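All chains, please: the whole structure from these sequences, using the hints.
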Amino acid sequence: MKSLFKIYRRYIFSAAWIAGTVILVNLLALFGVSAYFHSQSRNSPARGTRLRVTQAAQMLEQNPDGTVRMSEEGTACLDSSGAEFAFLLNDAGDVIWDWRLPDEIPTHFRLGEVASFSRWYLKDYPVRVWNCDAGLLVIGEPKFTAAKYSVEFSRDSIRNVPYFLLALVGANILLVLILAVLSGYRLYASLRPVASGIDGLSSGRKVLVPEHGLVGDLGRKLNQAARMLEQQRWNLEKRDTARTEWISGVSHDIRTPLSMVMGYADNLENDAALPEEARKQAGIIKEQSLKIKTLIEDLNLTSKLEYQMQPLRMEKYVPAALLRSVAVSCLNGGLEEGYELEADIGEELEGLVLAGDVRLMTRALHNLIGNSIRHNTGCRILLSGRLVQQGPVPLCRIGVKDDGNGIPQEIRDILEEKPAMGGPGAAEGGKSLAGQPGNPKGQSGNPSGQPHIMGLRIVKQIINAHGGRMEFSGDGREVILLLPVTGTLDTEKKKEKKKWWEILWYGENRIKTLEKN
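Residue 260 in numbering that gives the first Met the number 0 sits at position 261 of the sequence shown, and the numbers go up by one each step.
Read the hints as simulated data drawn from the structure, not as lab findings. Treat each hint with caution, since some may be false.
Below, computed lysine to aspartate or glutamate pairings styled on DMTMM-like, alpha-carbon distance capped at 25 Å [said to hold, decoys possible]:
| no. | residue 1 | residue 2 |
| --- | --- | --- |
| 1 | 285 | 275 |
| 2 | 279 | 265 |
| 3 | 292 | 252 |
| 4 | 292 | 356 |
| 5 | 147 | 103 |
| 6 | 290 | 268 |
| 7 | 292 | 268 |
| 8 | 315 | 349 |
| 9 | 147 | 78 |
| 10 | 303 | 356 |
| 11 | 142 | 78 |
| 12 | 303 | 244 |
| 13 | 142 | 97 |
| 14 | 122 | 83 |
No experiment lies behind these values; they were computed from the predicted model shown.
Given below as structure tokens:
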């Protein structure tokens, strides 16, 4: 939904920018039109008449007998300015001088007529007047060349024009913003179901988006994609269920005959009446049957861990004690010639407490040690434990390291979920079941070309189930397990100390039950 708000915000900003641009363009256009009309008025004949009326008034001359005349330069000025006619009135309203006066123009005017044509028209002629010493000079322009309008404003109105213009611009901007917000909200309301549907798809929920409105086509496509994903999810669940049930069924069906084979093989191995060669073959049968039993258990375990069906018997344990018990178990079981096992446990681990399934953690460590033994022709194995600090959380670092061939890079990429460099067939070319080069134990490879890494995969699944992670050293010779620390022995002992009245009132067993809950 944050991305939807981001789109909405950008839409509002874009609308505001567009509105500002439009207003600026309008203002520039207004100034351009004003400049155009101003230039047109400067070049018009009326403009020329206004400019030359003063010059013509200055060229009027009064004769000794009291009559008035205009010099030739003055009449040339009137003619060049586009004037239609001209005349001069005295104070009595009589025409005492004229130039090209039309017949329809009278030679005497009353005061009211003078006031009228000086403001408007004289017989439809636009006129210009100028009061000079000789009288009132009237210059007429051709008909229909100028329009006169009388406009009056109060001084307060003129003073308020700038504020009015600012208010008008502000109102326009506000109106544009309101329209942009409403339009953007309409788009937001249309996209909100689509955004919710996309969030639902990402979280695996069932999605049904309305298929009408502005984004109806998009909603229809989204519903189609949701149905396809739902069908694929159902097919995957069906396949996984069938796989789990098949593994469980095969394991159950094979367990009884396998137990019989192991039992009979053990009897034959211990039968003194049989030849030594037959007893040896019976021992091999029992050993291989035990491997089949272990393989079946691994299949069941990895299937349950993958689909989170394996219950974890969580309990608190000391990692140092667990590492010692695993090392002792391997040494007591007897290592083959050429193999050595050492334990290097830091003192800081002695006081640490972890929470987990001890049985599964023991299984993981045995798998790592067994992996080093199976895929190396003699090596030295080091089982180590340290307390490390990665960020604010302390971690218990358990390492299983050998000086053998190391785990190949392609195997590490598979376990770390990285794409293999060589593609599907990258594991071919002399790799063993666990991807070790040379196959020292003589095990056969995987016909599909992909290495079998069930043991390491089980280790990773167990560590992930405990909230940790599995890493590898750069040369692949050490597997590193990082597990979160629960507490220390001192804190656990403080928790175990109960007040006497709590034990007396609740009982010790009741207190343990309450703590577990």
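Now the hints, each set against the structure:
Restraint check: the Cα-Cα separation between residue 285 and residue 275 comes to about 15 Å, which is no more than 25 Å; the hinted pair holds. Straight-line distance between C-alpha atoms of residue 279 and residue 265 comes to about 11 Å, which keeps the hinted pair within the 25 Å bound. At roughly 12 Å between alpha-carbon atoms, residue 292 and residue 252 fall within 25 Å of each other, so this suggested pair holds. About 22 Å separates the Cα atoms of residue 292 and residue 356, which keeps this hinted pair within 25 Å; it holds.
For the hint pairing residue 147 with residue 103, the CA-to-CA distance comes to about 21 Å; that is within 25 Å, so the pair holds. For the hint linking residue 290 to residue 268, the alpha-carbon distance of about 17 Å falls within 25 Å, and the restraint holds. Simply put, residue 292 and residue 268 have alpha-carbon atoms about 19 Å apart, close enough for the 25 Å limit, and the pair holds. For a cut-off of 25 Å, the pair hint linking residue 315 to residue 349 stands: about 14 Å separates their Cα positions.
Of the pairs offered as hints, the one joining residue 147 and residue 78 holds, with about 23 Å between alpha carbons and a cut-off of 25 Å not exceeded. Pair hint residue 303 plus residue 356 holds up; C-alpha atoms about 15 Å apart against a cutoff of 25 Å. Using a Cα cut-off of 25 Å, the hinted pair residue 142 and residue 78 holds, with the two alpha carbons roughly 16 Å apart. Between residue 303 and residue 244 the alpha-carbon distance is near 11 Å, which keeps this suggested pair within the 25 Å criterion.
For the given pair, residue 142 sits about 18 Å from residue 97 by alpha-carbon distance, which is consistent with the 25 Å threshold. Between residue 122 and residue 83 the CA atoms are separated by roughly 13 Å; this keeps the pair inside 25 Å, and the hint holds.
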